Amino acid sequence: MPVPLTTRILLADDHLLVRDGLKMVLESVSDLAVVAEAGDGVEALRLAINEDIDLAVLDVSMPRMTGLQVARELAKQRPELRVLMLSVHDNEQYFFEALKAGASGYVLKSEANRDLIEACRAAMRGEPFIYPAAVSTLIRDYLERAVSGEEDVPEDPLTPRELEVVKLIAEGLTSEEIAEALIISHKTVDRHRANVLEKLGMRNRVELTRYAIKRGLVEP
60 MPVPLTTRIL
70 LADDHLLVRD
80 GLKMVLESVS
90 DLAVVAEAGD
100 GVEALRLAIN
110 EDIDLAVLDV
120 SMPRMTGLQV
130 ARELAKQRPE
140 LRVLMLSVHD
150 NEQYFFEALK
160 AGASGYVLKS
170 EANRDLIEAC
180 RAAMRGEPFI
190 YPAAVSTLIR
200 DYLERAVSGE
210 EDVPEDPLTP
220 RELEVVKLIA
230 EGLTSEEIAE
240 ALIISHKTVD
250 RHRANVLEKL
260 GMRNRVELTR
270 YAIKRGLVEP
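Residue numbers (this note's numbering): 60 to 279.
Derived from the structure by calculation, the hints contain no laboratory data.
Each computed SDA-like pair below joins lysine to any residue, with the alpha-carbon atoms no more than 25 angstroms apart: (1) K159 to K273; (2) K258 to T218; (3) K82 to A171; (4) K168 to L75; (5) K273 to E102; (6) K246 to R220; (7) K168 to R131; (8) K168 to L140; (9) K135 to V62; (10) K159 to E177; (11) K168 to A95; (12) K82 to R137; (13) K246 to T218; (14) K82 to L167.
Ranges between beta-carbon positions, derived for each pair: (15) S87 to P216: 37 to 43 angstroms; (16) H148 to G185: 21 to 27 angstroms; (17) M83 to E235: 38 to 44 angstroms; (18) S244 to L76: 37 to 43 angstroms.
In this text, all values refer to a predicted model and were calculated from it rather than measured experimentally. Note that the Cβ used here is the ideal one computed from N, Cα and C, for glycine as well.
Using the sequences and the hints, build the whole thing.
Next up, the structure:
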(Lines of atoms letter the chains of each structure in order from A and count residues from 1; the text may use other names and numbers.)
(Lines give C-alpha, C1' and ligand atoms only; values in the text may rest on other atoms or scores of the structure.)
Protein backbone atom coordinates (compact mmCIF):
# COMPACT_ATOMS: atom_id res chain seq x y z
CA MET A 1 0.00 0.00 0.00
CA PRO A 2 1.54 3.36 -1.00
CA VAL A 3 2.20 5.80 1.85
CA PRO A 4 -0.05 8.88 1.53
CA LEU A 5 1.51 12.33 1.50
CA THR A 6 -0.44 13.09 4.69
CA THR A 7 -1.44 10.22 6.97
CA ARG A 8 -4.98 10.66 8.28
CA ILE A 9 -5.08 9.52 11.91
CA LEU A 10 -7.75 8.47 14.37
CA LEU A 11 -6.53 9.21 17.90
CA ALA A 12 -8.33 7.37 20.72
CA ASP A 13 -7.68 8.02 24.41
CA ASP A 14 -10.19 8.54 27.21
CA HIS A 15 -8.21 11.39 28.80
CA LEU A 16 -8.75 14.66 26.93
CA LEU A 17 -5.54 16.30 28.20
CA VAL A 18 -3.48 13.29 27.13
CA ARG A 19 -5.22 13.26 23.76
CA ASP A 20 -4.51 16.95 23.26
CA GLY A 21 -0.84 16.42 24.09
CA LEU A 22 -0.53 13.49 21.71
CA LYS A 23 -2.29 15.47 18.98
CA MET A 24 0.24 18.28 19.37
CA VAL A 25 3.09 15.78 18.97
CA LEU A 26 1.53 14.23 15.86
CA GLU A 27 0.68 17.51 14.19
CA SER A 28 4.13 18.99 14.78
CA VAL A 29 5.10 17.40 11.44
CA SER A 30 3.50 18.00 8.06
CA ASP A 31 2.91 14.38 7.03
CA LEU A 32 0.63 13.46 9.97
CA ALA A 33 -2.85 14.84 10.64
CA VAL A 34 -5.36 13.90 13.35
CA VAL A 35 -8.74 13.92 11.58
CA ALA A 36 -10.83 12.00 14.13
CA GLU A 37 -10.79 11.58 17.92
CA ALA A 38 -12.49 9.17 20.30
CA GLY A 39 -12.80 8.99 24.08
CA ASP A 40 -13.74 5.31 24.39
CA GLY A 41 -13.30 2.05 22.55
CA VAL A 42 -16.79 1.76 21.08
CA GLU A 43 -16.55 5.23 19.53
CA ALA A 44 -13.03 4.45 18.29
CA LEU A 45 -14.27 1.32 16.54
CA ARG A 46 -17.19 3.17 14.94
CA LEU A 47 -14.95 5.95 13.64
CA ALA A 48 -12.24 3.57 12.46
CA ILE A 49 -14.75 1.64 10.37
CA ASN A 50 -16.69 4.60 8.98
CA GLU A 51 -14.19 7.45 8.60
CA ASP A 52 -11.59 7.96 5.88
CA ILE A 53 -8.47 7.30 7.95
CA ASP A 54 -5.15 5.56 7.28
CA LEU A 55 -3.99 4.86 10.83
CA ALA A 56 -5.68 4.26 14.19
CA VAL A 57 -3.67 5.17 17.30
CA LEU A 58 -5.41 3.46 20.23
CA ASP A 59 -4.89 3.63 23.97
CA VAL A 60 -4.69 0.12 25.46
CA SER A 61 -7.01 0.97 28.39
CA MET A 62 -10.27 2.68 27.45
CA PRO A 63 -13.88 2.47 28.71
CA ARG A 64 -16.46 0.17 27.05
CA MET A 65 -13.86 -1.53 24.81
CA THR A 66 -10.10 -1.66 25.29
CA GLY A 67 -7.72 -0.69 22.52
CA LEU A 68 -6.77 -4.35 22.17
CA GLN A 69 -10.39 -5.34 21.66
CA VAL A 70 -10.80 -2.59 19.06
CA ALA A 71 -7.63 -3.72 17.28
CA ARG A 72 -8.86 -7.33 17.10
CA GLU A 73 -12.18 -6.18 15.65
CA LEU A 74 -10.47 -3.92 13.11
CA ALA A 75 -8.26 -6.81 11.99
CA LYS A 76 -11.47 -8.59 10.98
CA GLN A 77 -13.55 -5.68 9.69
CA ARG A 78 -10.92 -3.40 8.16
CA PRO A 79 -7.68 -5.36 7.83
CA GLU A 80 -5.99 -2.80 5.57
CA LEU A 81 -6.09 -0.16 8.33
CA ARG A 82 -2.80 0.33 10.19
CA VAL A 83 -3.02 0.26 14.00
CA LEU A 84 -0.69 1.48 16.73
CA MET A 85 -1.18 0.85 20.45
CA LEU A 86 -0.45 3.44 23.15
CA SER A 87 0.07 2.52 26.78
CA VAL A 88 1.41 3.70 30.11
CA HIS A 89 2.38 0.06 30.80
CA ASP A 90 5.93 -1.10 30.06
CA ASN A 91 4.65 -4.65 30.30
CA GLU A 92 5.57 -7.55 28.03
CA GLN A 93 2.11 -9.14 28.32
CA TYR A 94 0.42 -6.01 26.88
CA PHE A 95 3.16 -5.76 24.27
CA PHE A 96 2.67 -9.32 23.02
CA GLU A 97 -1.12 -8.99 23.13
CA ALA A 98 -0.87 -5.83 21.00
CA LEU A 99 1.17 -7.65 18.36
CA LYS A 100 -1.18 -10.64 18.48
CA ALA A 101 -4.16 -8.30 18.00
CA GLY A 102 -2.65 -7.09 14.74
CA ALA A 103 -1.05 -3.81 15.83
CA SER A 104 1.98 -2.56 13.91
CA GLY A 105 3.61 -1.30 17.07
CA TYR A 106 3.38 -0.39 20.73
CA VAL A 107 4.35 3.06 22.02
CA LEU A 108 4.81 4.02 25.65
CA LYS A 109 3.07 7.30 26.50
CA SER A 110 6.08 8.32 28.56
CA GLU A 111 8.19 8.16 25.39
CA ALA A 112 5.59 9.54 22.96
CA ASN A 113 7.51 12.77 22.35
CA ARG A 114 10.43 10.67 21.12
CA ASP A 115 8.79 7.62 19.54
CA LEU A 116 5.26 8.37 18.35
CA ILE A 117 6.04 10.13 15.06
CA GLU A 118 8.50 7.47 13.93
CA ALA A 119 6.10 4.72 15.03
CA CYS A 120 3.36 6.22 12.84
CA ARG A 121 5.68 6.50 9.86
CA ALA A 122 6.95 2.93 10.34
CA ALA A 123 3.37 1.61 10.52
CA MET A 124 2.49 3.34 7.26
CA ARG A 125 5.56 1.81 5.59
CA GLY A 126 4.33 -1.59 6.71
CA GLU A 127 7.13 -1.98 9.22
CA PRO A 128 6.74 -2.95 12.90
CA PHE A 129 7.70 -0.45 15.58
CA ILE A 130 9.21 -1.85 18.76
CA TYR A 131 10.03 0.58 21.53
CA PRO A 132 13.67 0.20 22.60
CA ALA A 133 13.07 -1.42 25.99
CA ALA A 134 10.94 -4.14 24.36
CA VAL A 135 13.73 -5.36 22.08
CA SER A 136 15.45 -7.22 24.91
CA THR A 137 12.07 -8.65 25.95
CA LEU A 138 11.50 -10.01 22.45
CA ILE A 139 14.96 -11.54 22.29
CA ARG A 140 14.65 -13.09 25.76
CA ASP A 141 11.20 -14.50 24.98
CA TYR A 142 12.40 -15.96 21.67
CA LEU A 143 15.38 -17.63 23.33
CA GLU A 144 13.26 -19.04 26.15
CA ARG A 145 10.71 -20.46 23.71
CA ALA A 146 13.47 -21.86 21.49
CA VAL A 147 15.06 -23.65 24.44
CA SER A 148 11.72 -25.06 25.63
CA GLY A 149 10.59 -26.00 22.12
CA GLU A 150 7.57 -23.67 22.16
CA GLU A 151 6.56 -22.00 18.92
CA ASP A 152 3.79 -19.67 20.00
CA VAL A 153 3.02 -17.17 22.71
CA PRO A 154 0.84 -18.90 25.36
CA GLU A 155 -2.89 -18.67 24.64
CA ASP A 156 -5.08 -16.36 26.68
CA PRO A 157 -7.21 -18.42 29.11
CA LEU A 158 -10.25 -16.27 28.26
CA THR A 159 -11.97 -15.86 24.91
CA PRO A 160 -12.38 -12.36 23.41
CA ARG A 161 -16.07 -12.41 24.40
CA GLU A 162 -15.23 -13.43 27.96
CA LEU A 163 -12.74 -10.56 28.16
CA GLU A 164 -15.49 -8.17 27.03
CA VAL A 165 -17.78 -9.48 29.78
CA VAL A 166 -15.04 -9.18 32.42
CA LYS A 167 -14.34 -5.59 31.37
CA LEU A 168 -17.99 -4.57 31.62
CA ILE A 169 -18.41 -6.34 34.97
CA ALA A 170 -15.39 -4.42 36.26
CA GLU A 171 -16.92 -1.17 34.98
CA GLY A 172 -19.92 -1.84 37.22
CA LEU A 173 -22.53 -2.83 34.63
CA THR A 174 -25.33 -5.19 35.64
CA SER A 175 -26.02 -8.43 33.74
CA GLU A 176 -28.94 -6.71 32.01
CA GLU A 177 -26.75 -3.79 30.93
CA ILE A 178 -24.00 -6.13 29.70
CA ALA A 179 -26.55 -8.14 27.70
CA GLU A 180 -27.81 -4.95 26.09
CA ALA A 181 -24.31 -3.62 25.35
CA LEU A 182 -23.13 -6.87 23.75
CA ILE A 183 -26.49 -7.71 22.16
CA ILE A 184 -26.69 -11.12 23.85
CA SER A 185 -29.15 -12.66 26.29
CA HIS A 186 -29.04 -12.29 30.07
CA LYS A 187 -28.60 -16.08 30.28
CA THR A 188 -25.56 -15.93 27.98
CA VAL A 189 -23.99 -13.22 30.16
CA ASP A 190 -24.47 -15.41 33.24
CA ARG A 191 -22.91 -18.37 31.43
CA HIS A 192 -19.87 -16.30 30.41
CA ARG A 193 -19.51 -15.03 33.98
CA ALA A 194 -19.64 -18.58 35.37
CA ASN A 195 -17.11 -19.82 32.81
CA VAL A 196 -14.71 -16.97 33.61
CA LEU A 197 -14.95 -17.53 37.37
CA GLU A 198 -14.26 -21.24 36.87
CA LYS A 199 -11.33 -20.69 34.50
CA LEU A 200 -9.69 -18.12 36.77
CA GLY A 201 -10.55 -19.84 40.05
CA MET A 202 -12.33 -16.73 41.32
CA ARG A 203 -15.53 -16.25 43.30
CA ASN A 204 -16.98 -12.77 42.85
CA ARG A 205 -17.03 -9.36 41.13
CA VAL A 206 -14.32 -7.93 43.39
CA GLU A 207 -11.81 -10.56 42.30
CA LEU A 208 -12.82 -10.12 38.65
CA THR A 209 -12.32 -6.36 38.97
CA ARG A 210 -8.81 -6.87 40.36
CA TYR A 211 -8.08 -9.21 37.47
CA ALA A 212 -9.42 -6.66 34.95
CA ILE A 213 -7.15 -3.97 36.40
CA LYS A 214 -4.15 -6.30 36.29
CA ARG A 215 -4.89 -7.18 32.65
CA GLY A 216 -5.28 -3.51 31.69
CA LEU A 217 -8.96 -3.95 30.78
CA VAL A 218 -9.87 -1.07 33.09
CA GLU A 219 -7.92 1.57 34.94
CA PRO A 220 -7.75 1.52 38.76
